[in-house]
Amino acid sequence: MILPHLPALQVVVPLLAAPLCVVLRRTAVAYGLAFLASWAAFAISVLLLLQVLDSPGGVISYELGGWAPPWGIEYRIDPLNAYVMLIVAAIGAVVITYAGPSVAREIAEPQRYLFYTSYLLCLSGLLGVTVTGDAFNVFVFLEISSLSSYILISVGATPKALTAAYRYLIFGTIGATFYLIGVGLLYQMTGTLNMADLAQRVPPLAGNRTILVAFAFIAVGVGMKAALFPLHIWLPNAYAYAPSVVSAFLAATATKVAVYVLIRVYLTIFGAEFSIAGMGIGYVFMPFAIAAMFVGSAVAIFQPDVKRMLAYSSVAQIGYIVLGFGIATALGVTAGILHLFNHALMKGSMFLALGCVFYRTGAVTIESMHGLAGRMPWTTAAFVGGGLGIIGVPLTAGFISKWYLVTAALERGWWWLAALILLSSLLAIVYVWRVVEAAYFRPAPAGAPAGEAPFPMLVATWALVAANVYFGLDTRLSVGVAERAAAALMGGGP
Amino acid sequence: MIDALPPGAILIAGGLLSALLRGRAQSAFLLVLPLLGLWQLIELPHGVYHQITLFGQTLAPVRVDTLSLLFGYVFHIAAFLAALYAWHVRDTVQQVAGMGYAGAAVGAVFAGDLVTLFVYWELTAVTSVFLIWASRTERAYRAGMRYLAIQVGSGVILLAGIAARVQETGSVEFGHLGLGSLSGALILVAIGIKCAFPLLHNWLQDSYPEATVTGAVFLSAFTTKLAVYALARGYAGTEMLMWIGAVMTVFPAFFAVIENDLRRVLSYSLNSQLGFMVCGIGVGTQLAVDGAVAHAFVSSIYQALLFMAMGAVLFRAGTVKASALGGLYKSMPWSAGFCIVGSASISAFPLFSGFVAKSLVLAAVAQEGQWVVWVMLLFASAGVLDHSGIKIPFFGFFGHDRGIRVKEAPPNMLLAMGLSAFLCVAIGIYPAPLYALLPYPVGFDPYTAGHVVTQSQLLLFAMLAFAVLMRLGLYPPEVPSLNLDSDWIYRRALPVAAGFVVGCLAAMRQAAAAMASRLFDRFMVIVFRYHGPQGVLARTWPIGGGAIWVLVLLAGFLIFYYL
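Residue numbers (our numbering), protein chains in the order written: chain A, 1 to 494; chain B, 1001 to 1563.
Everything labelled a hint here was simulated from the structure, so no lab data went into it.
Just so it is clear, CB atoms sit at the ideal spot from N, CA and C, and this is done for glycine as well.
Label pairs and their calculated CB-CB ranges:
hint: 1; chain 1: B; residue 1: Val1372; chain 2: A; residue 2: Phe441; range: 44 to 52 Å
hint: 2; chain 1: A; residue 1: Leu205; chain 2: B; residue 2: Phe1560; range: 13 to 21 Å
hint: 3; chain 1: B; residue 1: Asp1091; chain 2: A; residue 2: Pro377; range: 15 to 23 Å
hint: 4; chain 1: A; residue 1: Ala466; chain 2: B; residue 2: His1046; range: 36 to 44 Å
hint: 5; chain 1: A; residue 1: Glu411; chain 2: B; residue 2: Trp1371; range: 46 to 54 Å
hint: 6; chain 1: A; residue 1: Trp433; chain 2: B; residue 2: Ala1028; range: 33 to 41 Å
hint: 7; chain 1: A; residue 1: Ala108; chain 2: B; residue 2: Thr1092; range: 43 to 51 Å
hint: 8; chain 1: B; residue 1: Ala1426; chain 2: A; residue 2: Ala466; range: 48 to 56 Å
hint: 9; chain 1: B; residue 1: Ala1019; chain 2: A; residue 2: Ala104; range: 34 to 42 Å
hint: 10; chain 1: A; residue 1: Ala444; chain 2: B; residue 2: Pro1533; range: 20 to 28 Å
hint: 11; chain 1: B; residue 1: Val1156; chain 2: A; residue 2: Pro110; range: 49 to 57 Å
hint: 12; chain 1: B; residue 1: Gly1170; chain 2: A; residue 2: Leu420; range: 18 to 26 Å
hint: 13; chain 1: B; residue 1: Ile1052; chain 2: A; residue 2: Val59; range: 27 to 35 Å
Away from chain B, derived, C-beta distances all over 12 Å, residues of chain A:
hint: 14; residue: Val29
hint: 15; residue: Pro56
hint: 16; residue: Glu63
hint: 17; residue: Pro70
hint: 18; residue: Leu114
hint: 19; residue: Gly451
Turn these sequences into a full structure, and let the hints steer you where they fit.
If you want it as structure tokens, here you go:
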């Protein structure tokens, strides 16, 4: 009975849980509700992925309110967005499991139920962006997720969180507006907002200047949301000053969803042939991706604040994801989508481990991590586990994505690119090693707080670390779905 | 049940499990593991196991054939001896690392494809470095870091080679590779680092002497022999290797002669021994490859024995500086005796294991008519006698009695040394079982009058010369002038000559390093200017500045597309 309505429930469950949180007010109840809603969303995303993989065409179409597309809003799920939804919902579930003690430590009691409300709104916004098959609907959900994430960031412990959130608000709004202008221009030319319908109508208009302008506006707007270098300026402060839970959640999901929109717009709406062959979108993005890989990593190396360091590392990793897209072959897109998944696991686990550190020590600078291995062995090991993935050590998920990226580069005969990928991985070794050195080889300062973080935080962190190792060994799910998604995209739209 | 496990898994998993145990239970458990592993190997029929397909490549994690079995056997034997030698150690880090390291080496020789090889290759690096760090001194930490960097670097080059190989042939199978392509060259460099080729060798002498007493025994057995295995598998008959090997036998001799730290002397002699194997592989005839792997087999054991003996000295006397030792044979007679057996083996005395293996290589080189190489090997053999055959036991146990009185080594060390010595003699007297394990049928008898007489002549004259010089040099009160003379030959001429060469090289190296470091510094200043915490790329940009970027990008896009 309920199965056909899963696409709608995916968004509706967290969306309805959010106002309930406000009504119920009590922190424990709000947390319980958020917990249930997040895990329900995760369960729905798993079921949806299974449904999509089983369905004959590889696509589920759901007509919202019974209005048939292209007039009504259509939720359209293919392997790509089922996969991204799985990432978002899984991270959402893990992070909410982790959140209890961490939120209690970092956020004042009266604000906590509002925090969970915003969390649920952000989650439903991100899921909505992913699930919908309507270009304008994407904007709506993008705004839901963005507005709630401004709130989430602003409740960070320091006053700087407020300015960081404000900065993000400005840039996020510019990005969303640019996207909206782009969509408006498309609507003007085609009279439709349905993505599948747009995919039919846009390619014949290739060369039309309005289409070109739309193309450019969307590239810049979504690039801003995805924090693609040099549009990453909002990201380091936002991640560094947000509460630990929020950093982990946003780093693992928000930019990923934006990259998803990028892929969706260029490979589905404009179509692989038009975007890649006609507009050279690969060549346009590649220099920025490569610059992100090196600049992000290089800045990360010198950061004294580990959380900020991870933020810059994220800028670099988004570079890898976009690079896969920029290589613009089926294998390259596979690598990019795969890294989307793997990076969410790795960076999520590292931010969660940092949250544990902050919980115990109240700081996340390199100095505060001296001798941490003795004081918080499990947390430190989890951080290193995620770090190994970021470096791309074999037996971790990070290795798999790097392998696919390098293979994709070699497939096009771009030796220099493969060399650059490996070279930038060396930078990752340096910034991860700084933390390892501080944690394992420096003596702890006298009187430094010791003791592990609470159990739920450790379990959630280690769940991601374990997933990071698991998907480094068994790649059937991660690579399999990414390959299917890429094949569908490059084969001329779903 | 036991067949289902890949070789090496018993050692690795058992090593990890042993972390749960303490004290004697741990030592005993670790002692059983190599025996279990050895039993598994004996039961294991030839073939390829556990094939899986990953990234479209067929991986063969386990391939059993004669060559891998031979190395598998000797690695297990060495692991057993080392575990016995380390019975008294109560340091879980060392015990786990040592056994894991042995397991990784075993796994590597059974790897049927390059990817599996790479995984084990890096695993040996990562596990073995703990044996150096376990000394827990600042020196050891630094040496370990250098060691790790070089070993992991070797792995990275290997990986690059594998990638190139996949590109060239589409297969990751680990068979004969040869030098004909980029991948062949890259992989050879990776192996060459682990095998301590000349100029790639420094890590060995740098790190092994810094390892713990027992750690050095583990280290001496695996890493370099694994590299020899990889060479034998991939590069048999590559002529360049013959020359590399010949140079490799000769040049460490000079350093070994002037070195004061006896474990570093052993590291040089280990390097020289590897040269014989590399040379044999380079010759590439059946006899030569047989000789090389036989040599790898026996040298694992006698080299371990020598490291054990010097380890025992270090353990009891607290130093292995030649200048600080002497007369220890009075208090450690058994260790001295076993050390002499090891020395006799490495010097290839007839009836000791070195002889039956080294003669194969020498005979193969002679058979091919490579007389220059042959003479180099002969010269190296005399050198080995000098620095390992005589110098080690002489300075370690005899020499000028400095009145050091210590206890004999602990019984477990003596037992380990005794077993190793027994193997050295047993193989030396009755080489047939070893020959039966070799990849090719051996129609070679080391005990012909010709071989024995040639070798004995070489050894006796080398010994005579050395004895005369040393005897004259040893009694300064009686013949001070002559002492100066012999002293000059032994302590001045060689060091000055070697020192000159080394000095020139060092100066060049220093100049290059200084230039590189200046360039690097300048580069880092620039990187830091832009990427440092206050650098323009790391600063929090004002909102207006960020917005301008957005406009610039949009304009760039529009211009790009309008054109």
